[in-house]
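Chemist: Sequence:
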Amino acid sequence: MASAIEIEDLAQPRLRFPLRAGNAALAPFADRIRLDEESLFAAARKRAGLYDFGADTFRDGLAALTNSLGREAGLSPLGRIMARQMIVQLLVTRLRLAELLRLHPEITEEPIEAPVFIIGLPRTGTTHLHTAMSYDERLRSMPYWESLDPIPDPHASPRPEGKPDPRIARCAQGLRLVHYGLPLMPAMHEMSAELPHEEIQLLAVEFETMFFEAGYNVPSYVDWYRSHDQTTSYQLLRTMLQAMQWLRGGRRWVLKSPQHLEQLPVLLDVFPDAVVVQTHRDPVAVTASLVTMEAYLRRMQHSGVDLHTIGAHWSGRIEEMLRASVEDRARVPDGRVLDVAFHEFMADQMATIERIEKAAGLEFDHVAQRSIGRFLDEHPRGKHGTIKYDLARFGIDPVERREAFRFYTDLFDLPLEL
27 MASAIEIEDL AQPRLRFPLR AGNAALAPFA DRIRLDEESL FAAARKRAGL
77 YDFGADTFRD GLAALTNSLG REAGLSPLGR IMARQMIVQL LVTRLRLAEL
127 LRLHPEITEE PIEAPVFIIG LPRTGTTHLH TAMSYDERLR SMPYWESLDP
177 IPDPHASPRP EGKPDPRIAR CAQGLRLVHY GLPLMPAMHE MSAELPHEEI
227 QLLAVEFETM FFEAGYNVPS YVDWYRSHDQ TTSYQLLRTM LQAMQWLRGG
277 RRWVLKSPQH LEQLPVLLDV FPDAVVVQTH RDPVAVTASL VTMEAYLRRM
327 QHSGVDLHTI GAHWSGRIEE MLRASVEDRA RVPDGRVLDV AFHEFMADQM
377 ATIERIEKAA GLEFDHVAQR SIGRFLDEHP RGKHGTIKYD LARFGIDPVE
427 RREAFRFYTD LFDLPLEL
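Going by my numbering, the sequence shown wraps up at 444, each residue one higher than the last.
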């Protein structure tokens with residue numbers, strides 16, 4: 027077995043030459059890459075050819091985000107461009123959604139039937155489980171390209187029959203850039219244009235989500251986000267799902283996001299018949315994996331990477347999310363959440379998926395077994411290599427964290443990995 031990969035330049039990233047050259051060339055003009063509301067709104071309206079953003083519930087979140095990006099994030103010139111493009115695309119999605127609902131108000135009557143939500147910390151097997159279950163053709167998931175660009179351009183010419191959706195090629199092109207700048211990313215989180223992705227991209231359209239703290243150093247935005255009720259964000263998520271199934275079919279969704287851990291009451295209020303699956307793993311091991319991935323991600327858009335800042339932030343956030351999940355579970359009726367331990371899932375993935383599907387009222391038939399089994403055979407754990415983790419580099423004391431997480435590991439009787 028190959029040894030784990032050690033990322034030696036986490037704190038002082040050595041970017042490939044074209045990226046370094048791009049940052050250097052753009053540095054004198056970085057202040058001209060605007061992140062203010064007026065400029066972002068104008069760019070989105072020009073790109074979409076539309077004017078109405080719908081309800082203005084998103085504006086406070088957008089302001090909190092752009093203020094934090096401008097004052098705190100320490101973006102590189104390329105990072106400012108990428109952040110601007112991301113926000114403009116989210117605003118374009120809002121514009122297109124508002125127009126689609128204006129033309130087809132019946133979309134809001136689309137039934138969302140007993141969606142399956144996989145919740146759990148990052149690095150607890152949620153992506154693997156979500157992708158495997160998406161191979162059951164009775165369940166609807168969203169490929170990465172659709173999560174990024176869910177509503178097609180209403181002004182585009184009709185696509186010739188048999189031709190692939192151009193959104194797929196655009197997404198694949200963007201991923202090539204990501205993988206060029208982050209070549210070890212597949213070993214941490216495999217992504218492709220057509221593999222399923224999580225709905226946190228849709229929640230970002232309301233600008234109230236943990237999506238942004240996953241990619242940027244935005245502490246004041248995180249404080250703002252955590253102080254606000256998320257009901258409108260989850261209501262928009264429901265509307266987005268209705269629009270997407272109206273556009274491309276499907277009705278029984280399988281979804282996943284770690285954000286739901288601290289939003290369980292809101293999730294169940296907006297999706298009252300949801301089937302919730304919570305994954306569990308030693309949170310110290312999760313912390314080691316997550317902070318390493320977060321530090322690696324930052325090299326693409328930040329001028330510097332402070333490992334201790336990342337370690338302190340995510341140590342605290344993981345504890346907050348787990349405490350919220352434990353407290354909220356006490357208020358959720360028995361039987362509403364199915365628990366899946368990471369070590370049990372890894373030991374027998376097919377049996378775990380069968381248990382989940384039965385809980386969701388689905389017969390685990392031969393068709394589903396063959397499709398899911400093919401995915402599991404083709405995507406063994408560690409397919410793209412494994413990463414070496416070192417908590418000390420992030421200023422994290424594993425003994426202190428072990429004690430802080432005891433309320434959770436004891437409750438779910440989790441084996442300790444570190």
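Treat the hints with care, as some may be off.
Here are the simulated DMTMM-like pairs of lysine to aspartate or glutamate, each with C-alpha atoms no more than 25 Å apart in a straight line [as the list claims (entries may be wrong)]:
id, residue 1, residue 2
1, K409, E136
2, K414, D391
3, K384, E443
4, K189, D175
Estimated spans, in silico, between C-beta atoms of each pair [as the list claims (entries may be wrong)]:
id, residue 1, residue 2, range
5, D416, S246, 23 to 31 Å
6, P178, A50, 36 to 44 Å
7, R164, A89, 40 to 48 Å
8, L129, R164, 36 to 44 Å
9, M217, E132, 27 to 35 Å
10, E187, A68, 18 to 26 Å
11, L129, G387, 14 to 22 Å
It is worth saying that the hints were derived from the structure and are not from the lab. For glycine and all other residues, C-beta sits at the position ideal for the given N, C-alpha and C.
Chemist: Which earlier hints can't be squared with this structure?
Modeler: 1, 2, 3, 8, 10 and 11
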